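Number of protein chains: 4
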Amino acid sequence: MTGGPGVLTGEPLTLDDVEDRARAVLPPEVYDFVAGGSGTESTLYANRGAFDRCHLVPRVLNGVEHADTSVTLLGAPASMPVAVAPMAFHAMVHPDGEPAVARAARAAGVPFTAATLASRPLDELAPAGGQTYLQLYWLRDRDRTAWLIAEAERLGARALILTVDVPFMGRRLRDLRNGFTVPAHAAPANLSGAQRGAGQSVGGHAASVIDPTLSWADLEWVRARTRLPLVLKGVLDPADARRAVELGADGLVVSNHGGRQLDGAVPSLTALPAIRDAVGDDCELLLDSGVRSGTDVLRALALGASGVLLGRPVLWGLAAGGESGVAGTLELLRTELEVSMALAGAPNVAAARRLGVRWAPCADEREGT
Amino acid sequence: MTGGPGVLTGEPLTLDDVEDRARAVLPPEVYDFVAGGSGTESTLYANRGAFDRCHLVPRVLNGVEHADTSVTLLGAPASMPVAVAPMAFHAMVHPDGEPAVARAARAAGVPFTAATLASRPLDELAPAGGQTYLQLYWLRDRDRTAWLIAEAERLGARALILTVDVPFMGRRLRDLRNGFTVPAHAAPANLSGAQRGAGQSVGGHAASVIDPTLSWADLEWVRARTRLPLVLKGVLDPADARRAVELGADGLVVSNHGGRQLDGAVPSLTALPAIRDAVGDDCELLLDSGVRSGTDVLRALALGASGVLLGRPVLWGLAAGGESGVAGTLELLRTELEVSMALAGAPNVAAARRLGVRWAPCADEREGT
Amino acid sequence: MTGGPGVLTGEPLTLDDVEDRARAVLPPEVYDFVAGGSGTESTLYANRGAFDRCHLVPRVLNGVEHADTSVTLLGAPASMPVAVAPMAFHAMVHPDGEPAVARAARAAGVPFTAATLASRPLDELAPAGGQTYLQLYWLRDRDRTAWLIAEAERLGARALILTVDVPFMGRRLRDLRNGFTVPAHAAPANLSGAQRGAGQSVGGHAASVIDPTLSWADLEWVRARTRLPLVLKGVLDPADARRAVELGADGLVVSNHGGRQLDGAVPSLTALPAIRDAVGDDCELLLDSGVRSGTDVLRALALGASGVLLGRPVLWGLAAGGESGVAGTLELLRTELEVSMALAGAPNVAAARRLGVRWAPCADEREGT
Amino acid sequence: MTGGPGVLTGEPLTLDDVEDRARAVLPPEVYDFVAGGSGTESTLYANRGAFDRCHLVPRVLNGVEHADTSVTLLGAPASMPVAVAPMAFHAMVHPDGEPAVARAARAAGVPFTAATLASRPLDELAPAGGQTYLQLYWLRDRDRTAWLIAEAERLGARALILTVDVPFMGRRLRDLRNGFTVPAHAAPANLSGAQRGAGQSVGGHAASVIDPTLSWADLEWVRARTRLPLVLKGVLDPADARRAVELGADGLVVSNHGGRQLDGAVPSLTALPAIRDAVGDDCELLLDSGVRSGTDVLRALALGASGVLLGRPVLWGLAAGGESGVAGTLELLRTELEVSMALAGAPNVAAARRLGVRWAPCADEREGT
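Quick note, the sequences are listed as chains A, B, C and D, same order.
The number in our numbering is simply the position in the first sequence, starting from 1, with 7 added.
The number in our numbering is simply the position in the second sequence, starting from 1, with 7 added.
The number in our numbering is simply the position in the third sequence, starting from 1, with 7 added.
The number in our numbering is simply the position in the fourth sequence, starting from 1, with 7 added.
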């Protein structure tokens, strides 16, 4: 029985263990770039608090031997309702960079999202047999934007994920204090040479390449330009969600960008139910920002998500162990999810989405050490 | 006056004191096995938080000299609305093991639950004059399951408690980190020799003997096989509760298995009122997971419980003092309950169940040391 | 201007300062007896939490030069809506004992409550010109109970305060751990010699003299026996409050006995509004348990109290400075109340009782150090 | 792009950084005078807690290149919805005092409020080209009150801000413990010589000059005396707000005076929505008490504020760097606001006021260091 206690009993036992390992090997400013949030990091912590206060009501006697974590995400099968979130500069944490992550994702049966700011060429990020999503920043260089969409189609990407919550980068104080810059060895390989920004502050570089004027009209332009499934990432308001669906979006990522954009933004988990209500059952709703365990995935499902994007923990796995570190992280999460689903009496993802939820009014105190 | 301040004024004064004593004498990995929860232990702590936030509204002028803690549990009289919860491997914490606990329970006038994974033979666990419940895991070895039920009847057990929240063990990280295994001297004596699992990881052993496919159909099979009162342990969803009663369950244990199964599960105290509403007044509802004082028992009663199961504190008593340690623990709890009932103006358990309750929105801060 | 910033600018500046001073001079076990609560002290802390979460909505432009704190309490004028709560054994914290407190209360224009367990004779506790309430424990010695009522009338007491929440003492763990006993020099002077209990545990002594069977019928007996205003102390349930009024009680003290009886009881401040709703506007409602400042008094008024009883801070004042310590404490509280009322735009107590209140959902974090 | 990450990347990065700098250079008793609140400072902390629990729901795809922070405040254009709050004694923190702040405000395009207790003459506080509000305390010296109003008109002040929550100063325990007095070099220059109070306790001085009897009738007197826009500062109750508007107030400041007056008062952010509901959309509503970032300004806007007053951070800037320190502080806040608005998808202040808000039930825990 794969989800049983006989597997994955060695350390790391949790995604937080993986983070500890990564932290031990990364330069502090790189760790901070990945781990940090914007402003006072209030949203970064609120994301975690929302998961902690979300209590599940398990079912029993469903005769589940193996909870089936498999799912269809954006029209294609995945081993679990999880995809690798778009993140910039993977090579910053490990020389093998995005290709290692893409391979690990393929092996794990989950989609990999190639980021506009990936540190390796797109060609290396869509391994045969894997599922690739292409994340699109709305670039000032419109030709490059068009090229990215075309490349996505050429490489057989399964979906375009258009990030809509980054007109520019949030004020990430750790980076500003650390004077963190785009590392030359991890600079965005898919931008034209002049735009790769090595040595620039990460925020300054983003401002120089990203067009902040992205609008509903642009969404229509993208929609008309490609038949790939189109997903908007960074939606938290139900009215925006409804409008996006009306304009042809196939899915949304309910996200506050991991607490890295608007400090003070609502936790995505808190925002999720109203979004699901707004768009109905047919729209694919992914969620990110704060997922750190299989139980967290289950919480998101129970609140209406179709699946989640996993961000930082993937980079922790990469930092700690390259491709196999990512593989281990994904397998750990899948095991946790399978265990949580089975313990919650949910034989499959559809059942998981029917679980009851009770919000605790406050976080519970932990005893001191 | 037995419940007055003249008794039990020596230490240990609280069940937490008993835990402290046990912790001082137990090997750390054994303490961890008993004390720990699954995953991040969020449910373990949430259980305690729910009790802390549950405020009672006492009554006055009821002329109570002695609050009467006695009660009928599953058709038989008990000295208080408490039974010893099923727990595996008692001999792990003290060589006298389950028989000592069973004797102490008999002396205290409360039911003892013999666990499927008890470290001593069933024959020793049902002392004459005591009340015994038999806890049943749904074993892969169906003959052994049938034998356990037959033994329960032969030994005069008062009830069968079918555990429904353990298709396999939750991920208990303390045990995994400690490499904890089934201790040879405490291995489950009521399984066939090959299945006793000494030296196996506790989770691995559980997976090898417990059948995860337990279903509503199996419940009907059990129901048809015995006339013993049948209690389902591990129910948190009202719809499950209702269905169980419809299929002939005589009682339910509202439980999250002490925070040891689904990490993130709702606290059982929080779940209780909706379950009581679902099943009406006739169904026997026990509660466990987090009971640490007489006031906690009273809280459970006020929220609709017929009684509670006491788990870890019994093992702490056993570890700290063998049979007399358990006796002291039970007497302490009974005294606390009697005191709490009298101070709440509840002359008996029926009155206790009519007490008002106010939920505090958050835990209250304690001053520093 | 008496309530202005020109007065009481020297230390102690708060009632907590007074406690600090008392703690510095008292034997630890005496401090603990006064400061402590029952059980885990959850109600002790919840009392404070309720005040902290109770936010006032001040009014403006009421043209208040001097907020008038004066009030009529149980038919007699008082300088502020505060009376000294009944407390046992004053001589334990200072040799001058209750007479010093009674004199300080008289000078401050507030009623003093002589406790059944006072350490000095009643004759010394009702100084000419002062207002005295007599607190009555329902004694096993019914003749002594009758004598106390008769003495109350003979000495011109303004009210009888019948304590209804002490069938016996709560489990006060600090006292049990400290082995605290009734100090010989502070033993209850108004009990017959054999019942004074010097050297007995405080709980044991209370159990030996207090009759736990106090009932609604007994209330009727007391009611019929005296024309003194009759106040029941320790009421938290609205139905009890209504019944008490129907049976002739002139007032109630909404109280959980300072967190010293039922651990887990609802904070009295939380319970207050429903009690006021139950008894209507005519019943005198006092409140105690957790009052530590003039703002706390104002909070109680805004939630429906006619006034409050002040307990521990009076003993801290006595311990720290004898009669003048109590005088200072009461004057500090009156100043705080006058300041708070004026700042809240309440020119008098009637206006204070119309102030709006908003409950915060949680306590606010304080910055470190 | 001015609001982008390319600006203000050097330290101080937050208003709290500015406070740290000020604290490092100020005498502790001066720091305490500015930083402190009244009583237990519960309202001081509750103010911050309210902001922290106020989560914003950002919008997307609004095509915002530059969020436009400009606004009309009290009929005149400002660069952002922020004005400098009235505060006494600026020269206490820096020899350049109020004139430096006024110049920095003018340069930043925001109104400066000249306080009645300013340490420099009014003539120096209304630099040509700047916008000045005059804050009015209701002085016992009515001639001086009239003179202040006349001066406001003579100097072209844009509004009168009548403080209504200071009949006298709250009990500020830090000042009382520090023995803090009005510094001679910062004494209020706009009072007649005898009333400047150098060396007096700040509270005593305030009591000697401020008339606590300010009433609705006085408001009518002021209203009739000047055609300047009239703003009442310190309103928290909706009925007061409504009455003020009926009597001709042009605006209100929803404020608890930074937690310095009634300890226990409701946080102004919590009070704001009901005030907006009470007065409708036409009344100008400013808010102060706890604003520490651009996101806080955005929160206030989203809850119905027309703008905010910025208090302590201005003095921190002045203390740390004189005029340029204030300029830096205001520019930092404007940048933060522009960034927050853009990230929230609000192209302008009108859009900001339509953002959704979700209140978190409790503050989120931060990981330990």
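Hints should not be assumed to be uniformly reliable.
Stated by the list, open to error - Sample of chain A residues with no beta-carbon within 10 Å of chain D, all distances over it, derived:
hint	residue
1	Asp-225
2	Arg-230
3	Gly-363
4	Arg-365
As the list claims (entries may be wrong) - To give a feel for the contact side, a few chain A residues facing chain B, derived at Cβ under 7 Å:
hint	residue
5	Arg-66
6	Gly-70
7	Leu-198
8	Gln-202
9	Glu-372
Unchecked claim - These stretches of chain C come out as covered by chain D in the derived footprint (C-beta under 8 Å, 3 or more residues):
hint	region
10	65 to 73
11	104 to 114
12	240 to 254
13	316 to 328
Honestly, the hints are just simulated from the structure, not real lab data.
What you are looking at is a predicted structure, and each value in this text was computed from that prediction instead of being measured.
Even glycine gets a Cβ: it sits at the ideal position worked out from N, Cα and C.
Tested hints:
{"no.": "1", "hint": "Asp-225", "in the structure": "8 Å, violated"}
{"no.": "2", "hint": "Arg-230", "in the structure": "12 Å, holds"}
{"no.": "3", "hint": "Gly-363", "in the structure": "19 Å, holds"}
{"no.": "4", "hint": "Arg-365", "in the structure": "13 Å, holds"}
{"no.": "5", "hint": "Arg-66", "in the structure": "5 Å, holds"}
{"no.": "6", "hint": "Gly-70", "in the structure": "3 Å, holds"}
{"no.": "7", "hint": "Leu-198", "in the structure": "40 Å, violated"}
{"no.": "8", "hint": "Gln-202", "in the structure": "42 Å, violated"}
{"no.": "9", "hint": "Glu-372", "in the structure": "6 Å, holds"}
{"no.": "10", "hint": "65 to 73", "in the structure": "holds (count 8)"}
{"no.": "11", "hint": "104 to 114", "in the structure": "violated (count 0)"}
{"no.": "12", "hint": "240 to 254", "in the structure": "violated (count 0)"}
{"no.": "13", "hint": "316 to 328", "in the structure": "violated (count 0)"}
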